[in-house]
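Chains as they are written, first to last, in numbering that gives the first Met the number 0: chain Y, 0 to 381; chain P, 0 to 323.
Everything labelled a hint here was simulated from the structure, so no lab data went into it. These numbers come from a predicted model, not from an experiment. All C-beta atoms, glycine included, are put in the ideal place defined by N, C-alpha and C. A couple of the hints might just be wrong.
Simulated DEER-style distance windows between Cβ atoms [to be verified]:
id, chain 1, residue 1, chain 2, residue 2, range
1, P, Glu80, Y, Glu309, 43 to 49 Å
2, Y, Ala324, P, Pro280, 49 to 55 Å
3, P, Leu68, Y, Arg192, 30 to 36 Å
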Amino acid sequence: MAEPRKSDDSMDATPNVTEVATADAVTVDDSVAAIEATVERGEPILQVRNLVKHFPLTQGVLFKKQVGAVKAVDGISFDLYQGETLGIVGESGCGKSTVAKLLMTLEKATAGEVFFKGQDITRLSGRALKAVRRNIQMVFQDPYTSLNPRMTVGDIIGEPFDIHPEVAPKGDRRRRVQELLDVVGLNPEYINRYPHQFSGGQRQRIGIARGLALNPEVIICDEPVSALDVSVQAQVINLMEKLQDEFNLSYIFIAHDLSIVRHISDRVGVMYLGKMAEIGTDTQIYDHPTHPYTQALLSAVPVPDPEAREGRERIILSGDVPSPANPPSGCRFRTRCWKAQDKCATEVPLLAVPERFKGTGGHAAHESACHFAEEKDVVHAA
Amino acid sequence: MLLDVRDLRVEFRTRDGVARAVNGVSYAVDAGETLAVLGESGSGKSVAAQAVMGILDTPPGRITGGEVLFRGRDLLRLKEERRRRIRGAEMAMIFQDALSALNPVLDVGSQLGEMFVVHRGMSRGQARARAVELMDRVGIPAARERAGDYPHQFSGGMRQRVMIAMALALEPALIIADEPTTALDVTVQAQVMELLARLRRELDMALILITHDLGVVAEAADRIAVMYAGRIVETAPVHAVHRAAAHPYTRALLDSVPRLDRKGRELYAIRGLPPNPLRVPPGCAFHPRCPVARDICRTDEPPLYEAGEGRRSACHFWRETLDG
């Protein structure tokens, strides 16, 4: 069903490989796992460059005049490698779902490029766009509203074949749908049932089967398990990991639950107000964060271990996220940051490996958009 | 003992039959204590709380048995008028969704002030002043100006603060918070949980925290009661549960959540689904999903066994489960 995994070791476009080489004593196993994950990575399948999406704010009824813009995504760059999972985390309004829509070409980018295997998909239209869309599919958050209640499961999963008939010839469709049901762990005999006859977790499996129907290479998952109960979440997460190995899928996994993102992701990007604050491997971001926002975000997550609650440092941010229509000048996080200085109001910090960590080979040497980047462990008890 | 719920039973009559949403739930809360009630959707955790609070919709709901002893009085036997006087003044509730729990056409100052007018017989002016004081206390900036704002003009976190202010207005002895931070972003959740903890300490209130989040439980609670299919399957001090669970369901829940502080292997997935409340399995309701179930579990409903260290477990094999 899918191409064999590419093990293209000659392409050394992965600087992170060397950066995770020094394992620290606490998380030896984890670091080894991280190294394995990064070494297996092939070439980038998606390259996002300076992606921008502004939604215009207008005034007046007849003569609409643009009075401003909601800067939902404001210059974001990252790569997605073949076979990896890139987690994107951030609070509501940070632009993570808009990124998903831009990658799906459901929204038109205001500026910037998205290269899928070297081809800029933001400029495509017509047949070429349709061909690319086959390769980038999506799994939605809410399995209750994302499935049409009047269609049978067979019709829902088979609908992509109507749009891309070349993938499955007409006579073959029923068999393909049953195969997909089996792949996601549902009984193939359920093909004629309706969505309401399934539980939330089963519905999410149907959504995943639909996402897999066209043999895509990239799947964008926008909060795929946040509507599910804890005991069912684990089933769906395990299924997604299994499918990734089986079909060599690349995932963009968007979620607000930082624990789940750590579990499933090879690399993680942290967004704040339309910008990427920090990006790195899961060990770099969770155990060695250098951006104050990442540190605040991580420290706010309750850990299910009462022994840890005394020993952990908590950073309680004051205030709310500013409006993306009128973001602060300079660093967007400065209005809530305890480290902010004059420089932060005037100079936009670039997403890059901070000068002081360059060449150190430590976990702190990863991209972070802060003038005063500093390593701080907020997840583990002191 | 501030609140002692004994063998509470709630049913819902539906077209498809009788759903026993709460099926013999007992829990107790001491003054100043925080009890977390943990459960998945449909476990009956919210319905039980609504019955305790006296805000259950009847019909379709019906309390078919049990006692709710609050300061020694059985609330279920009181007249609605007496209960209404207790509600708000002695026990109060915080809901998940502040936007639908607050009145959209009244400014928040009036809504908060109403508590003092109705329960304390204050004048509008006095009540307004107290409302502003309260808003200040829960950390709403520029309280005096914002008292004239309507709920939709507040952010999610600020709205939740308004609701906490309302629950605290009359300094009740018990607060029931039903998923108070589930709708909030994590940095805002941390703010709200810290506020709740501080106020609870200052006013020495007891708190029943209804949640599905094991992390929130570990951070905030003294004791935990785990619910499954309308029953309590385990109660224990929080520290004890996280060391070792005495019920296979609790243990499975703990194993199925990914951890922030370490990269795990494959997650433990509980097989199957939570039962339909119309068709709860006989014997132990968890047996179809339980890795250690034996014949007795299919036929005999386990009582809440005393399992030492202040814990109780509704598992025939609690001893083995504890030993791992």
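Going back to the hint list, which numbers does this structure go against?
Hint 3 is the one this structure does not satisfy, whereas the remaining hints hold.
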